[in-house]
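**Q** So you can see what is in the structure, the chains are spelled out below.
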Amino acid sequence: MADHDHSHEHGSELSETQLRVRALETILTEKGYIDPAALDAIVETYETKVGPRNGARVVAKAWTDPAFKQALLKDATAAVGTLGHVSPVGDHLVAVENTPQRHNMIVCTLCSCYPWEMLGLPPVWYKSAPYRSRAVKDPRGVLADFGVALPKETEIRVWDSTAETRFLVLPMRPAGTEEWSEERLADLVTRDSMIGTGLALTPAEIAK
Amino acid sequence: MMGRPTIPISGIPSDAEGPVFCEPWEAQAFAMALALHKRGLFTWPEWATTLAGEIKRAQAAGDPDTGATYYWHWLNALERLVTEKGIADAGLLTRYHDAWDHAADRTKHGDPIELRPEDFRPA
Numbered sequence: 001m002a003d004h005d006h007s008h009e010h011g012s013e014l015s016e017t018q019l020r021v022r023a024l025e026t027i028l029t030e031k032g033y034i035d036p037a038a039l040d041a042i043v044e045t046y047e048t049k050v051g052p053r054n055g056a057r058v059v060a061k062a063w064t065d066p067a068f069k070q071a072l073l074k075d076a077t078a079a080v081g082t083l084g085h086v087s088p089v090g091d092h093l094v095a096v097e098n099t100p101q102r103h104n105m106i107v108c109t110l111c112s113c114y115p116w117e118m119l120g121l122p123p124v125w126y127k128s129a130p131y132r133s134r135a136v137k138d139p140r141g142v143l144a145d146f147g148v149a150l151p152k153e154t155e156i157r158v159w160d161s162t163a164e165t166r167f168l169v170l171p172m173r174p175a176g177t178e179e180w181s182e183e184r185l186a187d188l189v190t191r192d193s194m195i196g197t198g199l200a201l202t203p204a205e206i207a208k
Numbered sequence: 001m002m003g004r005p006t007i008p009i010s011g012i013p014s015d016a017e018g019p020v021f022c023e024p025w026e027a028q029a030f031a032m033a034l035a036l037h038k039r040g041l042f043t044w045p046e047w048a049t050t051l052a053g054e055i056k057r058a059q060a061a062g063d064p065d066t067g068a069t070y071y072w073h074w075l076n077a078l079e080r081l082v083t084e085k086g087i088a089d090a091g092l093l094t095r096y097h098d099a100w101d102h103a104a105d106r107t108k109h110g111d112p113i114e115l116r117p118e119d120f121r122p123a
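Chains as they are written, first to last, in the numbering used here: chain A, 1 to 208; chain B, 1 to 123.
Treat the hints with caution; some may be incorrect.
Said to hold, decoys possible - Partial chain A-side listing against chain B, Cβ under 10 Å, derived:
| # | residue |
| --- | --- |
| 1 | S15 |
| 2 | E16 |
| 3 | L24 |
| 4 | L28 |
| 5 | E47 |
| 6 | W125 |
| 7 | V158 |
| 8 | S181 |
| 9 | P203 |
Stated by the list, open to error - With a Cα cut of at most 16 Å, we get these calculated EDC-like pairs of lysine to aspartate or glutamate:
| # | chain 1 | residue 1 | chain 2 | residue 2 |
| --- | --- | --- | --- | --- |
| 10 | A | K61 | A | E179 |
| 11 | A | K137 | A | E155 |
| 12 | A | K152 | A | D138 |
| 13 | B | K38 | A | E117 |
| 14 | A | K61 | A | E183 |
| 15 | B | K108 | A | E13 |
| 16 | B | K85 | B | E46 |
| 17 | A | K31 | B | E46 |
| 18 | A | K49 | A | E117 |
| 19 | A | K69 | A | E182 |
| 20 | B | K108 | B | D119 |
| 21 | B | K38 | A | D35 |
| 22 | A | K61 | A | E97 |
| 23 | B | K38 | A | D40 |
| 24 | A | K74 | A | E97 |
It is worth saying that the hints were derived from the structure and are not from the lab.
Built from N, CA and C at the ideal position, the CB exists for glycine as well.
Chain A extracted, bound-state conformation (with noise of 0.2 Å):
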C-alpha cells in the first residue's frame, strides 16, 4: 500500500497505515470498545515486562526442581500458573523436552501463534514463511544455518503451535552447572533454545 503522496508544506503527513490505525482507534474508542489508557498498559507490558525472562525462569525451576519439572510436563499451563507469571493469552500451553534422544522445535505454520507470556513477542525471522515452511521440511537444515548441529542419532521433532495449544521448549541443561542456582541457571537460558533453534548457552559460553 502506498503512502498518500501530498505535499504538504505546512502541514503533517500520516502514512497510510497511521490513518487506517488511527480511525479503527478512534472509532473503538468512541464506541467504547477500547480505552486508549489501557492500550499503553499492553503496549508497555509487551515492551518491558514480558520476555523470554519469564520462560528462562521456567526452565531453571524445572532444571533445579525435578517436582516442579514433573508438573511441567504433564500440565504447563498450571505448573506455570504456580509461579504467578503473565496470564497466558491462548488456552493451553505444553512444555517438550529435550533429551540426547530428542531435539524439540516449535513453529507455527499458519500465522505465529507463540508462547507469548513465556517469550514476549516472537522474533521477525519466526513470523517468516521460510521459518515456517522449512522448519517443517528441513528441521535440521534450519537448525544449521542458527549454528546448531545435532547428533544424527538424535530424533528432531517439530510441534506447529495452533491458537489452542502453544509449547515452550525445555532444553537440555547444560554440563558443568551441577551446583549452580536457579538464578544462574536462567541466565544460559535463550529464547532460541525455548524456540528449539538453538540451544542453552554453556558455562564456557557465558563467561566471554
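Starting from the structure of chain A, add chain B where the hints point.
**A** Coordinates of chain B only, in the frame set by chain A:
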C-alpha cells in the same frame, strides 16, 4: 545477555533481539487486538484464523512474507474482524481515515495531530 545473534542464511531473517515493534502503529494495532479479545469480541482461535487468512491472501498477492510485513497482516485482520462483527463498516473506517488525513494536513509539522469535528467531511 539473552540469546546470540543468529546468522542470516537461506532467507530466514535474523534478529539479535531487536525492538519488538518497529513503529508505534504496530504496537497500537497489537494492543487493540488484545484489548478487543479481552472484551470478548472474538475468541483467540477466531483471531488466529483471521490472521492466517490475511497472511495467505498477502502471500497470494506477492508479499514475500519475511516477517517485516507481519503487522500489516495484523492490521488487515483487525479491520476484517471489526467489520465482520458489525462494529464499523468500510464506509465508517474510510470516513475516519479521511478525517485524520485532513487533521494531519492542517496541523503544523511537529505539533500533535488532533481530530476535530471540522475534519470530517459533511455526511
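**Q** Give a verdict on every hint.
**A** Verification of the supplied hints:
Checking S15 of chain A against chain B: minimum C-beta separation of about 8 Å stays under 10 Å; hint holds. Against a cut-off of 10 Å between C-beta atoms, the interface hint on E16 of chain A holds, since the closest Cβ of chain B lies about 8 Å away. At a threshold of 10 Å, the smallest CB-CB gap from L24 of chain A to chain B is about 6 Å, leaving the interface hint in force. Evaluation of the L28 of chain A hint against chain B yields a held restraint, the C-beta minimum of about 6 Å falling below 10 Å.
The beta carbon of E47 of chain A is positioned within 10 Å of a beta carbon in chain B (closest approach about 6 Å), and the interface hint is therefore held. Nearest Cβ of chain B to the Cβ of W125 of chain A: about 5 Å, under the 10 Å cut. The hint holds. With 10 Å as the threshold, the beta carbon of V158 of chain A stays out of range of chain B, its nearest partner Cβ sitting at about 15 Å, so the hint is violated. Here the hint on S181 of chain A is broken, as its CB sits about 16 Å from the closest CB of chain B, past 10 Å.
Because the smallest distance between the Cβ of P203 of chain A and any Cβ of chain B comes to about 14 Å, over 10 Å, the interface hint for this residue is violated. Taking the CA atoms of K61 of chain A and E179 of chain A, the gap is near 14 Å; set against the 16 Å cutoff, the hint holds. Taken as a hint, the K137 of chain A and E155 of chain A pair is honoured in the structure, with Cα atoms around 14 Å apart against an allowance of 16 Å. Restraint check: the Cα-Cα separation between K152 of chain A and D138 of chain A comes to about 14 Å, which is no more than 16 Å; the hinted pair holds.
For the hint pairing K38 of chain B with E117 of chain A, the CA-to-CA distance comes to about 15 Å; that is within 16 Å, so the pair holds. Straight-line distance between C-alpha atoms of K61 of chain A and E183 of chain A comes to about 9 Å, which keeps the hinted pair within the 16 Å bound. This hinted pair checks out: K108 of chain B and E13 of chain A have alpha carbons roughly 10 Å apart, not beyond 16 Å. For the hint linking K85 of chain B to E46 of chain B, the alpha-carbon distance of about 12 Å falls within 16 Å, and the restraint holds.
Straight-line distance between C-alpha atoms of K31 of chain A and E46 of chain B comes to about 22 Å, which puts the hinted pair past the 16 Å bound. For the hint linking K49 of chain A to E117 of chain A, the alpha-carbon distance of about 10 Å falls within 16 Å, and the restraint holds. A threshold of 16 Å between alpha carbons decides the hint, and for K69 of chain A with E182 of chain A the separation of about 13 Å falls inside it, so the pair holds. A C-alpha spacing of about 15 Å is found between K108 of chain B and D119 of chain B, which places the hinted pair at or below 16 Å, so the restraint holds.
Restraint check for K38 of chain B and D35 of chain A: the C-alpha separation of about 12 Å stays at or below 16 Å, so the hint holds. For a cut-off of 16 Å, the pair hint linking K61 of chain A to E97 of chain A stands: about 14 Å separates their Cα positions. The straight-line distance between the Cα atoms of K38 of chain B and D40 of chain A is roughly 15 Å, inside the 16 Å bound, and the hint therefore holds. For the given pair, K74 of chain A sits about 11 Å from E97 of chain A by alpha-carbon distance, which is consistent with the 16 Å threshold.
Hints 7, 8, 9, 17, counting from the list given before, are not met by this structure.
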